[in-house]
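Trainee: Start from the sequences and build out the full structure, keeping to the hints where you can.
Chain by chain, the residues run as shown.
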Amino acid sequence: MQASSDAADTPNRATDIALPGYLVVPMGGAGKASALSMIAQHRAAGGPFAMRTVAIDTDPQGLEAFDRAINLATTREAVSAIRSNPRCFGPACRALVRHYPYLLDPETLGRGARTHRLLTQAAFEIHEDAVINGFRTSIHDLLKQQHAGIIQPVLLCSLGGGTGSAAALLVPHLLATSRYRDRILLGLSPDILAKPVIFAVDPYAHALQQTNEIAPDWILGNIYATRTELAEYEKAGKGCMYTIHLGLGNNAGAVFSAIDMVCEANGLLAWEWMANYTLFRSRTTDTLDFTRETCRYQGDDIPESRIPKQERPPYAADRPDIESGAPSCVSC
Amino acid sequence: MTQTQPEPAPSGMVAMWGVPDQRCCHGNAMVSQTAFDTSGLDALGRDLIPLVMVCDGDDTARVDRRILGEFQPAVLLERSKTALQAIPNLSLSGNLDIEAVQKKADLLKALHAGRKPELGEQIARGTSTVCQEAGQHLRRTFDAAADGAPSKVDAVVDDLLKAIDQLAVVETGDEQAVARFTRRAEQLAGLPRWRQELPEASFKSLERQLLEVAQTEYNQAFAWIVSESFRHAWQNEREAFRARIDHFREDAQAFRAKVRRCTEEFDRAYQRAKQRAAALRSGNQVLLGGASDEDLRTALMEHRKAGSQVELFEGLRQDLEERLRERALRRGLGTETQQAPFRRLVLTLPVDEIVEAFRDLLLAGVSTTYSLYDSCQAYGLERLVSELVRRSRITSWFDGRDDPRFGINRFEFRLVRLPAAANPKDVETKDLIESLFRKAGFHEIRTSAYSRTISVLRIYAGWPLGIEGGNELLLQAYGRSVRTGHLPHLIGILPDSQAGRHAPGILRLLGAMENGEKKDS
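Protein chains in written order, with my numbering: chain W, 513 to 844; chain C, 82 to 602.
Because the hints were derived from the structure by calculation, they are not lab data. Backbone N, C-alpha and C define an ideal beta-carbon position, used for all residues, glycine too. There may be inaccurate statements among the hints.
Said to hold, decoys possible - Non-contacting residues of chain C with respect to chain W, defined by C-beta distances greater than 12 Å in every case (computed): (1) 172; (2) 197; (3) 256; (4) 261; (5) 272; (6) 283; (7) 372; (8) 376; (9) 392; (10) 406; (11) 425; (12) 530; (13) 587; (14) 593.
Claimed, not checked - Partial chain C-side listing against chain W, Cβ under 8 Å, derived: (15) 103; (16) 112; (17) 513; (18) 542; (19) 558; (20) 565.
Mentor: Listed below in structure tokens is the structure:
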């Protein structure tokens, strides 16, 4: 295969409406850090494709670096409003008032969710209009920038923090649920918005750097919780097109020992994916895109095989029991 | 007592419920890159940027206090007089007679009493115009000089303020002059009574003498009116100019702060580069050796053919200005920035933009010393490619569960991005690198004019989340986090999680796994 040049990659913005415009959504601290490296890359490359950034965070620091920002910091007034009228807000706000009033501390709420994913969900409920307006105006900005045939949301986040990991579920939910989607796409074609793609950092490095003894478990526990929720979402068909993870290191000597290193790599990965979108899709249309919906794991080494047959869910009813540690196979 | 260490038993199990229901929509990606040791370049930038930014070029552009000659009150008062003499109502010339003196006296009385506002405005306008013209000229001269020498503005401002304070305010004329003239006019009005009693020649002589005195007194009255009006106009203009140069002082402070911040930014980059060099040994980047700041400075001098440091700074300053204008245009800061002086340009653009422009400028100057492909050669091409390929391996673990026989359709996307070759020698090296990557199974190779690094990207996708090897340890951390009161979940997603608390099913899974391990051991 011949090496191709940038000139060949650069879309003709005026005419090529099949090319997507990218709505990049940095979510939480790691998302913002990833997006900064992506923006630097995009700028250095001379902006070969249309891209708008709309950052979402419960910590307002650094939001000004993006095209648009949705500040989810909760004010004292909002806290008072939630406390006095919990029924007027969503389930997260109600749960906070009823079960965890200690989390509704205005002193700390303005400075990020600090691994409490529930606080981000409550902030989404409080700032619902701002979130929807932020997405809508960003989509309009993008369409003004380029005649995009489709808008591809690209979500950047970490899966262990308080804001990014919650937003990794909440933003796809928002974009997929007609109640919100219709408001975001008001006056536009309902098909213009593609399923989002998530570029997510698994923040092992961040967890391991914590000096607090409890924090690493909370961060890593959050990753697991987010993963189970993502899986649950996907089962219901509400998930993203792909979720691309970036872990701690590989067995070839590359270890991301600092969170900024992994965020930089994550931003670069996402940018390269966008820059090579056409090539990537041409490779995945009849492979990955197809099997994503149809293929299912058929190994027997699933946890359900450890519990008595009568208690198993239907999909695991016929699986052989696992008694020993070694995975069994059909021939055994 | 001997202690036996039990061998860790493999869990042999995917650490997440419901894997057979999960969609194969997850991927893992990794990117490896080359990186320069940029500490030499950053050290050079840190040393040069303050010198280049305050390099004033033509020193003759410096503000000279002689420009204040234009602003001397005595000179301006004369000009004001000439301007006001052009007002027809105020001129008293030609064949002077008693009637004309009478009219002027009435006019001055009315003016003094404020009954002639139009004339009062005309007078004020006349003197203001003269002062404003001088002030504008002074400001323009000062602006131009200060823009040419932003680093000297502070000294210039001090100098000018002192000089302005020393300018003698014009002496107010004789305040009684108007009264004297009106009395003289009254005296002249009574003169016809004497026509009968004096010989004709004596009367004529007396009339002429009185008219001459009246003319002198009118001139004094006129001078007083002009000086009074001028005093206000000049004071106003002086205050406006003082405010303007005070504003310049603020600008100068902001400019100095900007230079300091740019220098600090380079210093931070230098410190980061130093730390980075240590971290990169185990990261996803392969560190190539970079030149020292001394080598780069020599290369820069040679490239720019600069005979002296001052020449180098001046040349860099001009090029920096050009680049900043381009960036200002790209940022949509408006066409006015294209004509704006360097000082204004620096104040308008953010620090990172200035630092980036200066770094690009330095890089362009040292590109021969700083060629990526030369550094690759020095590192060893085969070693470099194998290192990049190795470090681009994915960061997820599957313990063989991503096998097609388990229903997983593996998909890997590989891409290499190479910088464009700058010279024929680079082309050769680049071709060699490309062939080495192809041998390693990387067939998608892109060339980028903008890129200064080689990057290798892999995306390995098409697996369900439950089979990822990290889940097991994460599940254990989940269990521990629950014990310390953490609320890991969102509301309304997992059916068995109540109000954001842990999901009992997940803890059951953890229990099943731990029990399994106990049994196994």
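Trainee: Could you run down the list of hints and mark each one as holding or not?
Mentor: Hint by hint, here is what the structure shows:
Every C-beta of chain W lies more than 12 Å from that of residue 172(C), the closest at about 64 Å, which supports listing it as non-interface. With a least CB separation of 58 Å from chain W, residue 197(C) remains clear of the 12 Å interface cut-off, as annotated. The claim that residue 256(C) is not at the interface with chain W holds, since no C-beta of that chain comes within 12 Å of its own (minimum 61 Å). At roughly 70 Å from the closest C-beta of chain W, the C-beta of residue 261(C) stays outside 12 Å, upholding its exclusion from the interface.
No beta-carbon of chain W is positioned within 12 Å of the beta-carbon of residue 272(C); the least distance is around 83 Å. With 12 Å as the threshold on Cβ separation, the claim that residue 283(C) sits away from chain W holds: the shortest Cβ distance comes to roughly 92 Å. The beta carbon of residue 372(C) is kept farther than 12 Å from every beta carbon of chain W, the shortest such distance being approximately 21 Å. Remark: the non-interface label on residue 376(C) is consistent with the geometry, its nearest Cβ contact in chain W lying 25 Å away (cut-off 12 Å).
Here residue 392(C) stays apart from chain W, with its beta-carbon at least about 30 Å from theirs, past the 12 Å limit. With 12 Å as the threshold on Cβ separation, the claim that residue 406(C) sits away from chain W holds: the shortest Cβ distance comes to roughly 17 Å. Interface exclusion of residue 425(C) from chain W stands, the closest Cβ pair being 22 Å apart, more than 12 Å. For residue 530(C), the non-interface assignment is contradicted: its Cβ lies about 6 Å from the closest Cβ of chain W, within the 12 Å cut-off.
Non-interface call for residue 587(C) relative to chain W: violated, since the shortest CB-CB distance, roughly 6 Å, does not exceed 12 Å. With a minimum CB-CB distance of about 5 Å to chain W, residue 593(C) fails to clear the 12 Å threshold, and the non-interface call is violated. For residue 103(C), the interface hint holds, the least distance from its beta-carbon to any beta-carbon of chain W being 5 Å, beneath 8 Å. A least Cβ separation of about 5 Å between residue 112(C) and chain W falls short of the 8 Å threshold, and the interface hint therefore holds.
Contact between residue 513(C) and chain W, as hinted, is not supported at the beta carbon level, the nearest pair being about 13 Å apart and thus beyond 8 Å. Of the supplied interface hints, the one on residue 542(C) holds, with its beta-carbon coming within about 6 Å of a beta-carbon of chain W, less than 8 Å. Below 8 Å, beta-carbon pairs count as interface contacts, and residue 558(C) has one with chain W at about 3 Å; its hint therefore holds. A cut of 8 Å between beta carbons decides the hint on residue 565(C): the least distance to chain W is about 5 Å, and the hint holds.
The structure shown violates the earlier hints numbered 12, 13, 14, 17.
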